[in-house]
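Using the sequences and the accompanying hints, generate a full structural model.
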Amino acid sequence: MSQLSPYRLIIADDHKMFLDGLQSILRYESDYEIVMTANNGRTVKKYLTINPDEKIDLVIMDLNMPEMDGVALNSYVKKQFPSIKTLVVSMLSDPNKIYQLIQDEVNGYIPKNAQKEELLLAIETILDGNSYFSKSIKEAYTKSIFEQKKAKPVALTKREKEILKLISEEYTTQEIADKLFLSKYTIEGYRTSLMSKLEVKNVVGLAKYAIKHGLVE
1 MSQLSPYRLI IADDHKMFLD GLQSILRYES DYEIVMTANN GRTVKKYLTI
51 NPDEKIDLVI MDLNMPEMDG VALNSYVKKQ FPSIKTLVVS MLSDPNKIYQ
101 LIQDEVNGYI PKNAQKEELL LAIETILDGN SYFSKSIKEA YTKSIFEQKK
151 AKPVALTKRE KEILKLISEE YTTQEIADKL FLSKYTIEGY RTSLMSKLEV
201 KNVVGLAKYA IKHGLVE
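To convert, note that position 74 of the sequence shown is 74 in full-length UniProt numbering; the numbers rise steadily by one, no gaps.
Simulated from the structure, these hints should not be mistaken for lab results. Honestly, I wouldn't trust all of these hints.
As the list claims (entries may be wrong) - Listed next, the in silico SDA-like pairs over lysine to any residue satisfying Cα-Cα at most 20 Å (straight line):
| id | residue 1 | residue 2 |
| --- | --- | --- |
| 1 | 158 | 168 |
| 2 | 161 | 127 |
| 3 | 161 | 173 |
| 4 | 165 | 178 |
| 5 | 161 | 214 |
As the list claims (entries may be wrong) - Derived CB-CB ranges, DEER-like:
| id | residue 1 | residue 2 | range |
| --- | --- | --- | --- |
| 6 | 185 | 145 | 36 to 42 Å |
| 7 | 115 | 165 | 52 to 58 Å |
| 8 | 213 | 112 | 24 to 30 Å |
| 9 | 105 | 179 | 18 to 24 Å |
| 10 | 112 | 175 | 56 to 62 Å |
| 11 | 165 | 21 | 56 to 62 Å |
| 12 | 30 | 199 | 51 to 57 Å |
| 13 | 52 | 117 | 32 to 38 Å |
| 14 | 112 | 199 | 34 to 40 Å |
| 15 | 103 | 203 | 35 to 41 Å |
| 16 | 201 | 82 | 18 to 24 Å |
| 17 | 25 | 214 | 48 to 54 Å |
| 18 | 79 | 117 | 29 to 35 Å |
Note that beta-carbon positions come from the ideal geometry of N, C-alpha and C, so glycine has one too.
Next comes the structure, spelled out in structure tokens:
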């Protein structure tokens, strides 16, 4: 992947020992030049804002940093400098943060305990125009997709919410029918439909859903 001039990198991490270690690894790689280091995202943002025409190829960043974390920094870089690649190197593997980073087009993510060889492979892969995510990060992302799906509220009609609320308040099918001036069979149809829609097995599941989503006090 060698090019005529070295790839220009910025590193942001608030742990000095890790920052020094990363510099030490990359210093012996002739393909890379470390333009600057920072201990928070805001410093990187300021540098890029002041030097918009300076060629930067890759920003390597921690996730948990003071003032401006990796999620916010990645979002800023991708919006303002889309040609700059981004790589997160972090001990954190919060599924929701990984989900957000990927939505914001981060180019790669590896854990801090990755081997030197994987770090160099990730950098090389990203600078070659591809993405790189460690196995553990891919697994956490799969989990985040599941969590996002699970957390997404199902759209219910006003009548469905009304019936769900009454079910959770332990009204019988006949009592709900009488209260809403509907037939018992109509209420049974709603109940079956709600169980299917909310992916629950019984009226207990319906009641739990209603409580969780604030449909009952």
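We went through each hint and held it up to the structure:
1. 158 <-> 168: Within the cut-off at roughly 15 Å; holds.
2. 161 <-> 127: Not satisfied, since the Cα-Cα distance of roughly 51 Å exceeds 20 Å.
3. 161 <-> 173: It holds: about 15 Å lies between the C-alpha atoms, which stays within 20 Å.
4. 165 <-> 178: Judged against 20 Å, a Cα distance of about 15 Å means the pair holds.
5. 161 <-> 214: Satisfied, since the Cα-Cα distance of roughly 11 Å is no more than 20 Å.
6. 185 <-> 145: 36 to 42 Å: holds, 39 Å
7. 115 <-> 165: 52 to 58 Å: 55 Å Cβ-Cβ, so the 52 to 58 Å window holds.
8. 213 <-> 112: 24 to 30 Å: About 38 Å separates the Cβ atoms of residue 213 and residue 112, which means 24 to 30 Å is violated.
9. 105 <-> 179: 18 to 24 Å: violated, 51 Å
10. 112 <-> 175: 56 to 62 Å: holds, 59 Å
11. 165 <-> 21: 56 to 62 Å: holds, 57 Å
12. 30 <-> 199: 51 to 57 Å: Hint holds: Cβ distance 56 Å, inside 51 to 57 Å.
13. 52 <-> 117: 32 to 38 Å: holds, 34 Å
14. 112 <-> 199: 34 to 40 Å: holds, 37 Å
15. 103 <-> 203: 35 to 41 Å: holds, 37 Å
16. 201 <-> 82: 18 to 24 Å: This hint is violated: roughly 47 Å between Cβ atoms.
17. 25 <-> 214: 48 to 54 Å: The hinted range 48 to 54 Å holds for residue 25 and residue 214, with Cβ atoms some 50 Å apart.
18. 79 <-> 117: 29 to 35 Å: holds, 32 Å
The structure fails to meet hints 2, 8, 9, 16 from the earlier list, while all remaining hints are met.
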